[in-house]
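Protein sequence lines correspond, in order, to chains A and B.
Under the UniProt record's numbering, the residue at position 51 of the first sequence is numbered 51, and the numbers go up by one with no gaps.
Under the UniProt record's numbering, the residue at position 268 of the second sequence is numbered 268, and the numbers go up by one with no gaps.
Check each hint, because a few of them may be wrong.
What the hints assert, rightly or not - List time: in silico DSS-like cross-link candidates among lysine-lysine, alpha-carbon distance up to 30 angstroms:
#, chain 1, residue 1, chain 2, residue 2
1, A, K5, B, K395
2, B, K239, B, K86
3, A, K129, B, K142
4, A, K107, A, K55
5, A, K5, B, K404
It is worth saying that the hints were derived from the structure and are not from the lab.
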Amino acid sequence: MGLAKLNQLYREVILDHAQHPRNRGELADATGVMELRNPTCGDVISVSVQIDDDKIADLKFAGSGCTISQASASLMTTVLMNQSVERARELIMAFSALITGEEVSEKDDDELGDAALVGSVAEFPARIKCAALAWHALDELLDEKGATAHD
Amino acid sequence: MDKGLNNSRKDFPILDQQVNGEPLVYLDNAATTQKPNQVLKTIVSYYQNDNANVHRGVHTLAERATDHYEAARDKVAEFINAANRKSIVYTRSTTESLNWVASSFGNLVVNEGDEIVISQLEHHSNIVPWQQVAQKQHATLKYIDLTTDGELDMDSARRQITDKTKIVAIAQAANVMGVVNPIKELAQIAHQHGAYMIADGAQAAPHMKIDVQDLDVDFYAFSGHKMLAPTGIGVLYGKQDLLEMMPPVQFGGEMIDFVHHQDASWTELPWKFEAGTPNISGAIALGSAIDYLTKLGMDNIHAYEHELVAYTLPKLLAVDGVTVYGPHDPNKHTGVLAFNMAGLHPHDVATGLDMEGVAVRAGHHCAQPLMEYLNVTATARASFYFYNTQADADKFIQAVTAVKEFFADGIS
Chain A
1 MGLAKLNQLY
11 REVILDHAQH
21 PRNRGELADA
31 TGVMELRNPT
41 CGDVISVSVQ
51 IDDDKIADLK
61 FAGSGCTISQ
71 ASASLMTTVL
81 MNQSVERARE
91 LIMAFSALIT
101 GEEVSEKDDD
111 ELGDAALVGS
121 VAEFPARIKC
131 AALAWHALDE
141 LLDEKGATAH
151 D
Chain B
1 MDKGLNNSRK
11 DFPILDQQVN
21 GEPLVYLDNA
31 ATTQKPNQVL
41 KTIVSYYQND
51 NANVHRGVHT
61 LAERATDHYE
71 AARDKVAEFI
81 NAANRKSIVY
91 TRSTTESLNW
101 VASSFGNLVV
111 NEGDEIVISQ
121 LEHHSNIVPW
131 QQVAQKQHAT
141 LKYIDLTTDG
151 ELDMDSARRQ
161 ITDKTKIVAI
171 AQAANVMGVV
181 NPIKELAQIA
191 HQHGAYMIAD
201 GAQAAPHMKI
211 DVQDLDVDFY
221 AFSGHKMLAP
231 TGIGVLYGKQ
241 DLLEMMPPVQ
251 FGGEMIDFVH
261 HQDASWTELP
271 WKFEAGTPNI
281 SGAIALGSAI
291 DYLTKLGMDN
301 IHAYEHELVA
311 YTLPKLLAVD
321 GVTVYGPHDP
331 NKHTGVLAFN
341 MAGLHPHDVA
351 TGLDMEGVAV
361 RAGHHCAQPL
371 MEYLNVTATA
381 RASFYFYNTQ
391 ADADKFIQAV
401 TAVKEFFADG
411 IS
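The shape of chain B in the complex, shown without the other chains:
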């Protein structure tokens, strides 16, 4: 495990550097991942050879750019096993995808007195858009509770989802608690009550095989930058009939069928949602990232990360004074390890780890309601990807121990 899954570490030259005089150990992958040479080359090659605007030129470069842009859409569709490429809409990010579903589809189907059900472990991007819909429509926003282990409490889910529920929106993998939620089962419960199921896949799609048809979700959102692609490209998957009835969020060029002086008609799916010149190089780079991930194999990535967690989690738990959030059973925990150290603020922990070359996140992780639920103001968070190694894990544990010794007397 010293060269990453399948010797992949060599494809990420950014990892080969010193930070504060120490070799970099990058453990902030839940925030964003690094980009392999293959993806970077795709971007450069696009701008060196094919750059043109899509869908509107008759010249050769425009045709090439359009072909690459649309070929990437096919790759996305295959990556999550969508039935149809028309179900794949490019967005800017998971946040934008969820905002579009909430503001357009949500406001269409949620009426006064209805319920929207989310959970205690959501990211702000799967909370705040639904608060807006609930306020606008005079609907109720309800939360599924967690078990003491930090997993979604399915008994609570069955109580919260009722015949009044119109929307159930849940993260497939949690960005703090490090759990994978049973989206397929939640979708069944939602559908039994006539509600729509929306999954936030930002922390799941990069790490495991996704099959949106098997999950039977109505919408699925994820970001490119958490899975080797650049920032600024995201995906919204929606069942075709639902995307058909969902009004566009943005209007202008590229999304119209015909424009008269007083009104206009929309072009077909998926382009009716893609107004204006899109992030062409980002979409093409996402296609390249998917090629890279597919070659490694999503099941292999999942198994490798599990091995890293099974190696790291017991060692982290063994450090005196460390609290790890979410399940302590490595079989139930993803590569996201949120933790605190007794008597230390996570910011001080993160600065200490940074001095040892170890990059982690510290803060509320855009999950303030969860922080409130856990009764903490913030946590530190180490998150792994397939290019991390056992040596990274060792350095992380060693740095945590060193930080603990540095602040031996405790603060606070």
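For reference, chain A alone in the conformation it holds in the complex:
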């Protein structure tokens, strides 16, 4: 076995997103910014989002971390950009299920696209937190947004 199994985790598209992250940086006109840390390794991810008309109009991430956390954050921004808040939250749920080894609907899997490949992290339990960090940050932001809308 050895390193061969690593190919399941570090697929080309994941390495590509880690090396050339999309939507990296901070939004000047963000409607919400959330920074989350992984206390076990010191990784930090900051997600900033701009929500217009219940839609994710813009989305960026910043911070430092391992290949998995960086690639996962980058993939998240490409998948969730321009999604409605409601659909984004469904996809975050689906991603959460995937990385913990649960089945998701074909529709969700399709829409997650390349991000679904991060699901192979389920085979590497110590790394699930790395994959989840950015998505948790955005989820909390959308939660806040939801809470504000109801007020």
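Since chain A is already given, all that's left is putting chain B on it; use the hints.
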């Protein structure tokens, strides 16, 4: 060197297994060590033959359990050459030992405007408790700097320790930088200024001969699980007169002399600190671990680990793109090798090594101020013990090279 020091590897059946289809190479000994059959048998035998609560029964099993529990204390006292068994207090861990010294003794002797001196290479458990004391007492927490080599800068130590200093608390062996600090010299400097010397021995006691009287430390803390015993048992050594003046941290059964309706008096040392039913099997197992280590000989363990480091360190340094933290001279480096690989996050390195069966730690090693000082977010860390072999070292280097090739294009 292929069977561990004195053929000891056979006593650790856990090492004889495959992980991810590869033979396990366990190099996370600075986090916790494996337990030999002898220690495991002691635990089973205690529960099969002698289990009872200590210090309070008159029946035979209670007497036996108490005898074993207290005999282990004698072994601990001898292991670190304490003058008196009353100086040996059982705790849960090094962290608990240091917390007790800080919250009880620290708050007793540190006043407003005083100084507490620690160093840049401490574990969080020897930083955060002192931050708490400093905040509560309005004292100042000062840090001894490191040399470019990663050793404690003794000139900085002499500058930082002043007549205002009440506490000097330093790790004897560093959990990231892999250096051994001159505790005896630090104790002399501390005492010249009227300060108390506290040594965190978590990474030292398992690997070298400790003589608390020669070091002249006022308190010394270490854990059982980093030296073959189970988790949940630790030791706090303190000079007897200091333990006498230090108030108990926990109150209840076992620690009292007499309880009236409104107040109570404490029993004598060391039991005044051991409230409630203690970790009896853990203490007895620690005694068994000490027997095992003593039989091997702490000087032999130290020499064997040095040989392994002298073999491994140059090979690790020779891998292109590898940075090793702490001194590069094997004579100055313990069996703790913290490193990073260019363009790779240590988590990715550790996952790669795990796929090759090699267990290392990756992260900030509970030393975030040190990570900040080194200007890194995290490192990988391989740490050896006497049951590791030259073959383990070879496999480790081979796996590091394989990981490097796997990520040939680099990440980040």
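> Has the given pair, K107/A with K55/A, been kept, meaning a C-alpha gap of at most 30 angstroms?
Replying inline: Within the cut-off at roughly 20 angstroms; holds.
> Does the structure keep K239/B and K86/B at a Cα separation of 30 angstroms or less?
Replying inline: 9 angstroms, holds
> Hey, K129/A versus K142/B, does the alpha-carbon distance stay inside 30 angstroms?
Replying inline: Given that 30 angstroms is the threshold and the Cα spacing comes to 35 angstroms, the pair is violated.
> Quick one, are K5/A and K395/B close enough, alpha carbons at most 30 angstroms?
Replying inline: Distance ~18 angstroms between K5/A and K395/B Cα, so the pair holds.
> Keeping to a limit of 30 angstroms between CA atoms, is the pair of K5/A and K404/B held or broken?
Replying inline: At roughly 15 angstroms apart (the allowed maximum being 30 angstroms), K404/B and K5/A satisfy the hint.
Comparing the model with each earlier hint shows a violation of hint 3 alone; every other hint is respected.
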